[in-house]
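Enquirer: One letter stands for each residue in the lines below.
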Amino acid sequence: DTAVSQTPKYLVTQMGNDKSIKCEQNLGHDTMYWYKQDSKKFLKIMFSYNNKELIINETVPNRFSPKSPDKAHLNLHINSLELGDSAVYFCASSQDGAHEQFFGPGTRLTVL
Amino acid sequence: SQQGEEDPQALSIQEGENATMNCSYKTSINNLQWYRQNSGRGLVHLILIRSNEREKHSGRLRVTLDTSKKSSSLLITASRAADTASYFCATDNNDMRFGAGTRLTVKP
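For the protein sequence lines, the chains are Z and B, in the order given. Numbering follows my numbering, with no gaps: position 106 of the first sequence is 106. Every number in my numbering is 112 more than the matching position in the second sequence, counting from 1.
If you are wondering where the hints come from, they were derived from the structure by calculation, not from laboratory data. Even glycine gets a Cβ: it sits at the ideal position worked out from N, Cα and C. It cannot be assumed that every hint is accurate.
[What the hints assert, rightly or not] Partner residues are not named here, just some residues of chain Z that face chain B (Cβ under 10 Å, in silico):
#1 V4
#2 G16
#3 D18
#4 R63
#5 F64
#6 F90
#7 H99
#8 F102
#9 F103
#10 G104
[Said to hold, decoys possible] Heads up, simulated DSSO-like pairs for lysine-lysine below, C-alpha to C-alpha not over 30 Å straight-line:
#11 K22(Z) x K168(B)
#12 K181(B) x K44(Z)
#13 K138(B) x K44(Z)
#14 K168(B) x K67(Z)
#15 K181(B) x K40(Z)
#16 K182(B) x K41(Z)
#17 K182(B) x K9(Z)
#18 K168(B) x K9(Z)
#19 K71(Z) x K168(B)
[Stated by the list, open to error] Restraint-style ranges between C-beta atoms, simulated for each label pair:
#20 E82(Z) x T132(B): 38 to 46 Å
#21 T59(Z) x T139(B): 37 to 45 Å
#22 A190(B) x S80(Z): 44 to 52 Å
#23 K41(Z) x A190(B): 19 to 27 Å
#24 K41(Z) x E129(B): 39 to 47 Å
#25 R172(B) x M15(Z): 45 to 53 Å
#26 T139(B) x A3(Z): 24 to 32 Å
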């Protein structure tokens, strides 16, 4: 039983395209996150959602937009993809901001 | 915002040796957590230590926390090749921040 799942696992696309990455958690958690891990392995938080409300929005380009249709899902939509968007994107969830996070397997995005 | 910063960036040891990784942070915290990441995978939670705790054990893992120095250390004893991974610390102050991690290689 997968706790946090992401699709797709790999995504290869051209510059300028729009793409989405989906994330679902079946843990009943209230908070979900999106992280970007670059080639140097630095893990940077992008967004977090608590009960469908955005509570953290790091200074990411507005081409990135999180969409949460319900508490169990937090999808990441990216418009006008750029080369620098190539990275591994991780979704995570937690009971709240002070508890451990459970991570998805990651989505490796390659922009050509 | 604050984040944990791990050092060293990379550590290579022989199987059976102990591995020590350090983490520093900048402002007050409620707790500090250590995570492990195998190559190309998501992070797995290892251990959480609260600000009023000084030391915590879990199996071969020992974590210390010095709030006066704003630092923590993760000790893995009797390391195994399977311990090869990147290790991250994360601090919370109503949110979570990660450092760049320490890449541990345990040679068989």
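Enquirer: Please go over all the hints and tell whether each is borne out by the structure.
Expert: Status of each hint after checking the structure:
1. For the restraint placing V4(Z) at the interface with chain B, the shortest Cβ-Cβ distance is roughly 8 Å, inside the 10 Å limit, so the hint holds.
2. Because the smallest distance between the Cβ of G16(Z) and any Cβ of chain B comes to about 27 Å, over 10 Å, the interface hint for this residue is violated.
3. A distance limit of 10 Å between C-beta atoms decides the matter here; for D18(Z) the minimum to chain B is near 25 Å, and the interface restraint is violated.
4. Hint status for R63(Z) relative to chain B: violated, with the closest Cβ pair at about 21 Å, above 10 Å.
5. Hint status for F64(Z): violated, given a least beta-carbon distance of 18 Å to chain B, over 10 Å.
6. Proximity of F90(Z) to chain B holds as hinted, the smallest CB-CB distance being about 5 Å (cut-off 10 Å).
7. For the restraint placing H99(Z) at the interface with chain B, the shortest Cβ-Cβ distance is roughly 8 Å, inside the 10 Å limit, so the hint holds.
8. Using the Cβ-Cβ criterion of 10 Å, the hint placing F102(Z) at the interface with chain B is satisfied: the shortest such distance is roughly 7 Å.
9. With its C-beta approaching chain B no nearer than about 3 Å, F103(Z) sits inside the 10 Å limit, and its interface hint holds.
10. A cut of 10 Å between beta carbons decides the hint on G104(Z): the least distance to chain B is about 5 Å, and the hint holds.
11. Taken as a hint, the K22(Z) and K168(B) pair is broken in the structure, with Cα atoms around 36 Å apart against an allowance of 30 Å.
12. The straight-line distance between the Cα atoms of K181(B) and K44(Z) is roughly 24 Å, inside the 30 Å bound, and the hint therefore holds.
13. Proposed proximity of K138(B) and K44(Z) is supported: the alpha carbons are some 17 Å apart, at most 30 Å.
14. At most 30 Å may separate the alpha-carbon atoms for a hinted pair to count; K168(B) and K67(Z) exceed this at roughly 38 Å.
15. With a C-alpha separation of about 27 Å, the suggested pair K181(B) and K40(Z) falls inside the 30 Å cut-off, and the hint holds.
16. As the CA atoms of K182(B) and K41(Z) are separated by approximately 23 Å, the hinted pair is consistent with the 30 Å bound.
17. The suggested pairing of K182(B) with K9(Z) is violated, with an alpha-carbon distance near 37 Å, which exceeds 30 Å.
18. Of the supplied pair hints, the one linking K168(B) and K9(Z) is violated, its CA atoms being roughly 35 Å apart against a limit of 30 Å.
19. The suggested pairing of K71(Z) with K168(B) is violated, with an alpha-carbon distance near 33 Å, which exceeds 30 Å.
20. One distance hint, 38 to 46 Å for the beta-carbon pair E82(Z) and T132(B), holds here, with the actual separation near 39 Å.
21. Between T59(Z) and T139(B) the CB atoms are about 19 Å apart, so this pair departs from the stated range of 37 to 45 Å.
22. A beta carbon spacing of about 51 Å between A190(B) and S80(Z) agrees with the range 44 to 52 Å that was offered as a hint.
23. Checked against the hint of 19 to 27 Å, the C-beta distance between K41(Z) and A190(B) comes to roughly 26 Å, which is consistent with it.
24. Distance hint check: the CB atoms of K41(Z) and E129(B) are about 23 Å apart, inconsistent with the given range 39 to 47 Å.
25. The supplied range of 45 to 53 Å is met by R172(B) and M15(Z), whose beta-carbon atoms lie about 46 Å from each other.
26. Separated by about 31 Å at the C-beta atoms, T139(B) and A3(Z) satisfy the suggested range of 24 to 32 Å.
In this structure, the earlier hints numbered 2, 3, 4, 5, 11, 14, 17, 18, 19, 21, 24 are contradicted, and the remaining ones agree with it.
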